[in-house]
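Model the full assembly from the supplied sequences, consistent with the hints where possible.
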Amino acid sequence: MGASDVVAQLGSLVAEPVGLLPARQQMALSLGWHIVLACFGVAFPAMILVMHLRGLVRRDPVALGLAQRWAKASAVLFAIGAVSGTVLSFEMGLLWPGLMGTFGDVLGLPFAFEGLSFFIEAIFLGIYLYGWGRMPPKRHVLMAVPMALAGIVGTFCVIAVNAWMNAPTGFRIVDGAVVDVDPWRAMFNDLVPLQFGHMWIAAYMVVGFAVSGVYAVGMLRGRRDPHHRLGFIVPFRFATVAALVQPVVGHLLGGNLGERQPAKLAAFELAETTESPSPLRIGGIWVDGEVHGAIDIPYLGSLIARNSFTAPVRGLDTIPPENHPPINTTHWAFQTMVGVGLLLMLAVLVFWAGRWRGHDPLRWPWFLRFCALAGPLAVVALEAGWVATEVGRQPWIVYDVMRTAQAAADREGLWWLLGVTVLVYAAMTVAAVVVLRSMARRWRAGEVDLPSPYGPEARLAGGTTGDRG
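Under my numbering, the residue at position 272 of the sequence shown is numbered 562, and the numbers go up by one with no gaps.
No wet-lab data here; the hints were simulated from the structure. Note that the structure is predicted; figures quoted are calculated from it, not measured. From the three backbone atoms N, C-alpha and C, an ideal C-beta is built for every residue, glycine too. Check before you lean on any hint, since a few could be wrong.
Each pair of labels, with its calculated beta carbon distance range [unchecked claim]:
1. ILE585 x LEU343: 42 to 52 angstroms
2. HIS649 x PRO610: 50 to 60 angstroms
3. VAL538 x ASN618: 21 to 31 angstroms
Okay, structure coming up:
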């Protein structure tokens, strides 16, 4: 069913409700803040599991100490993420009643599984923290497996909803009503495998570069003990695989974007008119229907977007203006994501090329400085990717079915709610930084076991030694 038919059934272009702008701003804040914590929920348990297994197999107290400390840091981040995730669950109904009221039956299944996954992850994280020195070692390390799997399943469920919003399926609309709902078909829609893969890999990039960056800073400050080297190399290996695989997955995800969401692709490529072959445009801005200041690289636009040197990329002039996304925001977000991703990929290639040639890149101050910045850069790429995905879908909240203006709440007072949310998130950010820095400072001072709320007391066989951070 085409956009014009469905919009006519659901209510054609309506005046923007008073709650649309604050709802958009609050959702952007909440999602942009929570997604970083969600990355740690996905990737950090796997890194903890690998480090713990290394410690058991090699009888390495340094690896065991790192696994325990990472788990305690993960608990702090999980607790804060629980707050922001709860806020998001309320926001879906409060800010977007048109979406949830119309498609609640379609989206209920993945949201239910996401909540179940959250509780499973919380339970096993608690058991894992409590189990240090209290459970047989082989049984204890197994507690990290369901913790890691639950984080992956929960993320899959959330991404399934977003993928459905980009490629809706599993229902029909008859006389303006949603009928023949198939929640399984909606959850396992055609777009979810690649979109989930893209997000899953991004989580390993963010956490891998962020955690290794912490130890890079420590090495810059003279802490070059085995604790810091191992703390760097394990997450950096995860980040390496993610950085090398991500461009391939991203390319596959965008393979049929020209047919699926032509306006988004045109904004990505800043395609003013349909061109064959289409150039790759670096930079540039869209002003009054024209592109200014872009650098064109012939043929590459068609090759990247259509896997052909000559296939055309549909121009914005062929798409009704009311269906255009915010073009400059979409274009620059996409280019930021790709540019930062390529830079991080280059960094890991430099590291492993140096190792292959017999050098130790961890003794290169310039490389450690870059690694200290790699975590924030990975977050920038993550946020830019979500901006490109979400802003590029506009003006649709459910593509080609429901416009964002139709889904937003038409009520006063949402600006006040946004202000309160900003204050709450700012307070949680400060609290997280203070707690994590306090933990790191006490570990460097030689404390092995930190009391509640950082985790139960535990005793590592053999203890840990050296300057810790």
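Outcome of the hint check:
1. ILE585 x LEU343: 42 to 52 angstroms: Holds, since ILE585 and LEU343 (Cβ atoms, about 48 angstroms apart) stay within the stated range.
2. HIS649 x PRO610: 50 to 60 angstroms: At 57 angstroms between Cβs, range holds.
3. VAL538 x ASN618: 21 to 31 angstroms: holds (28 angstroms)
Of the numbered hints listed earlier, not one is contradicted by the structure.
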